[in-house]
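Asks: Here is what each chain is made of, one letter per residue.
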Amino acid sequence: MFATAKEIVISARSLTKKYKDFVAVDGIDFEVRRGEAFGLLGPNGAGKSTTMKMIASVSQRTSGDLSILGKEPNTQGPEIRAHLGVVPQKDLLDRELKVWENLFTYGRYFGLSRKFLKDKVEELLEFAQLTEKRMSKADDLSGGMQRRLAIARGLVNEPEILMLDEPTTGLDPQARHILWDRLFRLKEQGVTLVITTHYMDEAEQLCDRLIVMDKGKIMAEGSPAELIKKYSSKEVLELRFGTDKNEAAAEQLKDLAERIEVLPDRILLYTQKGEDLLTQIVDAGLNPITSLVRRSSLEDVFLRLTGRSLVE
Amino acid sequence: MITQALVSQAVAIQERRSGKPGQAVYSGRSRTILERGFYAFKSSSWLIVISGFVEPVFYLLAFGFGIGQLIGDLEDGAGNLVSYAAFIAPALLATSAMNGAIYDATWNVFFKMHFGKVYQVMLQSSLGPLDVALGEISWALLRGLSYSLGFMAIVTPIGLVTNLWGLLAIPAATLIAFGFASIGMAITSYLKSFQQMNWITFFLLPMFLFSGTFFPVSVYPEWIQTIVQALPLWQGVELVRSLMLGIIHPGLLGHVLYFLVMIAGGLWFTTVRLKALFMR
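Residue numbers (our numbering), protein chains in the order written: chain A, 1 to 312; chain B, 1 to 280.
The reader is advised that the hints may include incorrect statements.
What the hints assert, rightly or not - 25 Å max Cα-Cα, derived PhoX-like pairs, lysine-lysine: (1) A/K115 with A/K133; (2) A/K187 with A/K18; (3) A/K133 with B/K20; (4) B/K42 with A/K20; (5) A/K217 with A/K245; (6) A/K71 with A/K254; (7) B/K275 with A/K137; (8) A/K90 with B/K275; (9) A/K18 with B/K275; (10) A/K20 with A/K215; (11) B/K42 with A/K118; (12) A/K71 with A/K273; (13) B/K192 with B/K117; (14) A/K90 with B/K117; (15) A/K229 with A/K273; (16) A/K133 with B/K42; (17) A/K6 with A/K229; (18) B/K20 with B/K117; (19) A/K6 with A/K90; (20) A/K90 with A/K234; (21) A/K90 with A/K115; (22) A/K90 with A/K273; (23) A/K115 with B/K42; (24) B/K112 with B/K275; (25) A/K20 with B/K20; (26) B/K42 with A/K18; (27) A/K137 with B/K20; (28) A/K71 with B/K20; (29) B/K20 with A/K90; (30) B/K117 with A/K137.
By construction, these hints were calculated from the structure, which means they are not laboratory data. Small disclaimer: the values here were computed from a predicted structure and weren't measured.
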């Protein structure tokens, strides 16, 4: 209640989830502190959603320890869920109900009084910019509106922790930015956010701290800036010589940068000063068709840690 | 600006249940699921609901008053003669209760389970799987009960309820609807495709025709009688018929017990299945 910034609200130790022979989450450790925005990153099948479900106390762990606000999810599921707001990946709105009814009935599931909910629903409709749409069927809303309604629903019980599973997947840029703004406001009010995403810009925008998962394990942990510092360079120089000439050019470039990565269509050079390196390369007589100097991003970290091959 | 209390009401409400037995599966709020049912029902098609209600009424008209004219009176089991319409009316009342409950507990539940994802959302809140099971089964029960109330409203004025015991047919119909709703939802929770769902209909029709509905089971050889008597509709028909014809005996408690077991079993399996499906 009178929480310090350091208070740990979620703690996992050797957390493991197996479905028959398949290990979805493989002995992970992490902690989430009150008020922070905590990200779970990883490719499809990394175990993010499974981890989220275990935290949300709708999936029982196979082994390890998990504590949410000091409670045990196996025996105190409903009590933990009273503290949580959940925004599932596919919204899961009640299609048989109108917009306001979606919020109202969900609030009733928590046992909240009609009187309390009357005001709460109005407040949330406004927050989600859906006041005008209150009488529409949930099904008739646009994708962005449906997602905002799902977030509003997750806030009905005034949760201390809001869990968002890929909150902006499938939204257009406008809708994404509106959503980020709403999430920022919640964070400012002290709501702890737990977010899964595979959009790296989203993780950089929203998350104070994050873990990168792959195949059920944690590959790295830290703030976006820390991770970039540790796993990438300050800048990246991208060069294209033409598909069949990249390999040959790379041979001449490989000692110039901290790290070099040759992709079919381009060469990535990880360096502290991209422009200087580019000048050096041009002076050496190599003439790339196109060149681009950019800041290193979380995406570079992500691809380095989880590889470039497709996860099927 | 979103207001944020220091301790949310939802948490305070839930913590009152802390330490109570079954706190992991039950929060004592299945009524909120009934409320959701009412909101959804308001904007659903009334025609489908009414069609389920008129079905037994048509049977009563066609068989009771049509064919009944050819059959004449029947012996009611206690030595009294009753009209054929009075003989089948209780059976059709029991069938009304069954139909209403089954429609909702099978097809509607199947839809909500696999397409509407309604239960998944409920279980995300501080409700437990037993709340959801009890709430949804109660909702299906209400439909069965309203069908039987409607049926009573038709048969009472035309003189087919002859004594005060007949009023107990209403609680009896509630029990029957509860039993069928409970077992119906339990079975549905194990089914995965529309083809499998059709098996329920495939089973219900012969049960309706041969459970002593239109003629006494004494026409069957003994072993078939035993099978029929094990079926829930026969139990329900016997219970309601005895009450409406005023034949009161301790054996009726046996029928009641049958339905209580059916209710408890259905609730238990439904709860287990909701957990297995949505909390794995």
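Asks: I'd like to know which numbered hints this structure contradicts. Please list them from smallest to largest.
Replies: 2, 3, 4, 5, 6, 7, 12, 18, 19, 20, 21, 22, 25, 26, 27 and 29
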